[in-house]
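Put chain R on the given structure of chain D with help from the hints.
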Amino acid sequence: MIKVENLYKSFGDLDVLKGISTSFERGQTNLIIGQSGSGKTVFLKCMLGLFTPEKGDICYGDMKYKALNASQKRGLRKQIGMVFQGGALFDSMTVEENVMFPLRMFAQASRSEMLDRVNEVLQRVNLVNANHKFPSEISGGMQKRVSIARAVVNRPKFLFCDEPNSGLDPKTATVIDNLIQEITHEFNITTVINTHDMNSVFEIGEKIVYLEHGKLAWEGNKDIIYKTDNEAVTKFVYSSDLFRKVRVAQQKGY
Amino acid sequence: MNYIAIIGRYFLMIRDVFKRFTKASVLRRLIVQEIHDLTVRSLGIVIFISFFIGAVITIQTALNLSNPLIPKSLIAFAGRQSIILEFSPTFISIIMAGKVGSYITSSIGTMRVTEQIDALEIMGINSLNYLVFPKIIGMMFYPFVIAISMFVGIIGAYSAAVFGGFVDANLFLSGLQEDFITFHLVYAFIKTFIFAFILATVPSFHGYYMKGGSLEVGQASTTSFVWTSVIIIVSNYIITQLLLS
Chain D
1 MIKVENLYKS
11 FGDLDVLKGI
21 STSFERGQTN
31 LIIGQSGSGK
41 TVFLKCMLGL
51 FTPEKGDICY
61 GDMKYKALNA
71 SQKRGLRKQI
81 GMVFQGGALF
91 DSMTVEENVM
101 FPLRMFAQAS
111 RSEMLDRVNE
121 VLQRVNLVNA
131 NHKFPSEISG
141 GMQKRVSIAR
151 AVVNRPKFLF
161 CDEPNSGLDP
171 KTATVIDNLI
181 QEITHEFNIT
191 TVINTHDMNS
201 VFEIGEKIVY
211 LEHGKLAWEG
221 NKDIIYKTDN
231 EAVTKFVYSS
241 DLFRKVRVAQ
251 QKGY
Chain R
1001 MNYIAIIGRY
1011 FLMIRDVFKR
1021 FTKASVLRRL
1031 IVQEIHDLTV
1041 RSLGIVIFIS
1051 FFIGAVITIQ
1061 TALNLSNPLI
1071 PKSLIAFAGR
1081 QSIILEFSPT
1091 FISIIMAGKV
1101 GSYITSSIGT
1111 MRVTEQIDAL
1121 EIMGINSLNY
1131 LVFPKIIGMM
1141 FYPFVIAISM
1151 FVGIIGAYSA
1161 AVFGGFVDAN
1171 LFLSGLQEDF
1181 ITFHLVYAFI
1191 KTFIFAFILA
1201 TVPSFHGYYM
1211 KGGSLEVGQA
1221 STTSFVWTSV
1231 IIIVSNYIIT
1241 QLLLS
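Same order as they appear, the protein sequences are chains D and R. When the letters of the first sequence are read in order and numbered with the working numbering, they come out as residues 1 to 254. When the letters of the second sequence are read in order and numbered with the working numbering, they come out as residues 1001 to 1245.
So here's chain D without its partners, still in its complex pose (with noise of 0.2 Å):
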């Protein structure tokens, strides 16, 4: 489970989060969601420990961040995956030592035993006869499976993931979505979302978190967003025609 404690982080005069308080639980699909400058990437990069926040705190666990020291700050990370928005594979590695790294960097584990483990997770996420191809030569899709692969390979506590839909097609996306979700029950892991995909909102959403201007404006699940009267979610969700559309069935009776 991951806890935020009243989060503060500006850029210079420009207060980018503003006071964020919530709560991820573990073996869920949690969503960040809000439109584009919402503070949704800077929210999830407070949590990765990439920037540090002016005031509050985010709680991995029993453990609260302010209050470690470098090391168990290092220590917390390898409890960490992440699924970057361009995969950020490493261009120099086939998809094998892609998904290796983690392992060769902490694992005390034969060169044997990092392959078994390499192999059973690509085949996890689909990803079969791709072992000694570059991320150049593999599609948009797949490099994400590889970013998936090499996120849990390590068997992490926290998955973050940043757009993880962005730039592919919707049934690829599905799948991608799918994906994270069979591996965040099938983990046990606390999986945080960055997106603004829709499908996924209604997909995967078991918990679901609305920014607006650095704030949290609504919180929910999958199951009630189509229903809320909070107006700023209600626009988020409807600007896309095929929701409205829906939505005015929905309302008919269809």
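Read the hints as simulated data drawn from the structure, not as lab findings. A hint or two may mislead.
With a cut-off of at most 30 Å between alpha-carbon atoms, the simulated DSSO-like pairs for lysine-lysine come out as follows [to be verified]:
hint: 1; chain 1: R; residue 1: Lys-1211; chain 2: D; residue 2: Lys-66
hint: 2; chain 1: D; residue 1: Lys-157; chain 2: R; residue 2: Lys-1099
hint: 3; chain 1: D; residue 1: Lys-215; chain 2: R; residue 2: Lys-1211
hint: 4; chain 1: R; residue 1: Lys-1019; chain 2: D; residue 2: Lys-133
hint: 5; chain 1: D; residue 1: Lys-66; chain 2: D; residue 2: Lys-55
hint: 6; chain 1: D; residue 1: Lys-73; chain 2: R; residue 2: Lys-1099
hint: 7; chain 1: R; residue 1: Lys-1072; chain 2: D; residue 2: Lys-78
hint: 8; chain 1: D; residue 1: Lys-227; chain 2: D; residue 2: Lys-18
hint: 9; chain 1: D; residue 1: Lys-78; chain 2: D; residue 2: Lys-245
hint: 10; chain 1: R; residue 1: Lys-1211; chain 2: D; residue 2: Lys-18
hint: 11; chain 1: R; residue 1: Lys-1072; chain 2: D; residue 2: Lys-64
hint: 12; chain 1: D; residue 1: Lys-227; chain 2: D; residue 2: Lys-245
hint: 13; chain 1: D; residue 1: Lys-45; chain 2: D; residue 2: Lys-73
hint: 14; chain 1: R; residue 1: Lys-1019; chain 2: D; residue 2: Lys-73
hint: 15; chain 1: R; residue 1: Lys-1099; chain 2: D; residue 2: Lys-45
hint: 16; chain 1: D; residue 1: Lys-227; chain 2: D; residue 2: Lys-207
hint: 17; chain 1: D; residue 1: Lys-66; chain 2: R; residue 2: Lys-1072
hint: 18; chain 1: D; residue 1: Lys-64; chain 2: D; residue 2: Lys-78
hint: 19; chain 1: D; residue 1: Lys-235; chain 2: D; residue 2: Lys-222
Where chain D lies over chain R, by a calculated footprint (3+ residues, C-beta under 8 Å) [claimed, not checked]:
hint: 20; segment: 1051-1063
hint: 21; segment: 1164-1173
Please read all numbers here as calculations on a predicted model, not as lab measurements. We put the beta carbon where it would ideally sit given N, CA and C, even for glycine.
This is chain R only, laid out in the frame that chain D set:
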């Protein structure tokens, strides 16, 4: 004020490079890779340039020595001094600022743009140690490149002088050994080591701290070349003043 902040950040980066070392087995592989990428792959261009510049230095010296009172052996002497003291260590280093420096800045800059550096940090890896330390060690083999450059430069000088008919072989070889001061070689290699460190760290600094997208990677590479060259030239002056004057 901004320049002072940049210089300060550069030294803080150097400090962080030597903190929290990456796993030795991983670092070993990276160092071998960097030795190959930064020094071995530079040999071709260094040999090519050194041979022809050595030849041109000799031809120009020979053509300007019209006074019959000046011995012809001076052609070899002047060529040797130019190559060992300045051409190989300094001129080749400026060329390397373009070749190796741009490569370092663009490769690290691309990693920054594509969030690969963030990925390293999130995994709990000291990205500066992982990326920059192997480059510094790789560039410590750079003096071998300069030694080869000196050798090839003198071969070029010999070829131009002897085959161009400016001086006969024996006279050239005697001139080559005339008034040889061993410390000049020591001086050349001391500054080569310093230039190697500059060539590894200044372009890394520009790549690591760049902001923006692919266009900015190109701009960072250009800026890196300019600053690496400027720092090499200024350091060259200071080292020469300290060691030779």
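To see whether the hints hold, each was checked on the structure:
no.: 1; hint: R/Lys-1211 to D/Lys-66; in the structure: holds, 28 Å
no.: 2; hint: D/Lys-157 to R/Lys-1099; in the structure: violated, 44 Å
no.: 3; hint: D/Lys-215 to R/Lys-1211; in the structure: holds, 27 Å
no.: 4; hint: R/Lys-1019 to D/Lys-133; in the structure: violated, 33 Å
no.: 5; hint: D/Lys-66 to D/Lys-55; in the structure: holds, 10 Å
no.: 6; hint: D/Lys-73 to R/Lys-1099; in the structure: violated, 38 Å
no.: 7; hint: R/Lys-1072 to D/Lys-78; in the structure: violated, 70 Å
no.: 8; hint: D/Lys-227 to D/Lys-18; in the structure: holds, 26 Å
no.: 9; hint: D/Lys-78 to D/Lys-245; in the structure: violated, 45 Å
no.: 10; hint: R/Lys-1211 to D/Lys-18; in the structure: holds, 25 Å
no.: 11; hint: R/Lys-1072 to D/Lys-64; in the structure: violated, 79 Å
no.: 12; hint: D/Lys-227 to D/Lys-245; in the structure: holds, 15 Å
no.: 13; hint: D/Lys-45 to D/Lys-73; in the structure: holds, 14 Å
no.: 14; hint: R/Lys-1019 to D/Lys-73; in the structure: holds, 15 Å
no.: 15; hint: R/Lys-1099 to D/Lys-45; in the structure: violated, 35 Å
no.: 16; hint: D/Lys-227 to D/Lys-207; in the structure: holds, 15 Å
no.: 17; hint: D/Lys-66 to R/Lys-1072; in the structure: violated, 75 Å
no.: 18; hint: D/Lys-64 to D/Lys-78; in the structure: holds, 16 Å
no.: 19; hint: D/Lys-235 to D/Lys-222; in the structure: holds, 16 Å
no.: 20; hint: 1051-1063; in the structure: violated (count 0)
no.: 21; hint: 1164-1173; in the structure: violated (count 0)
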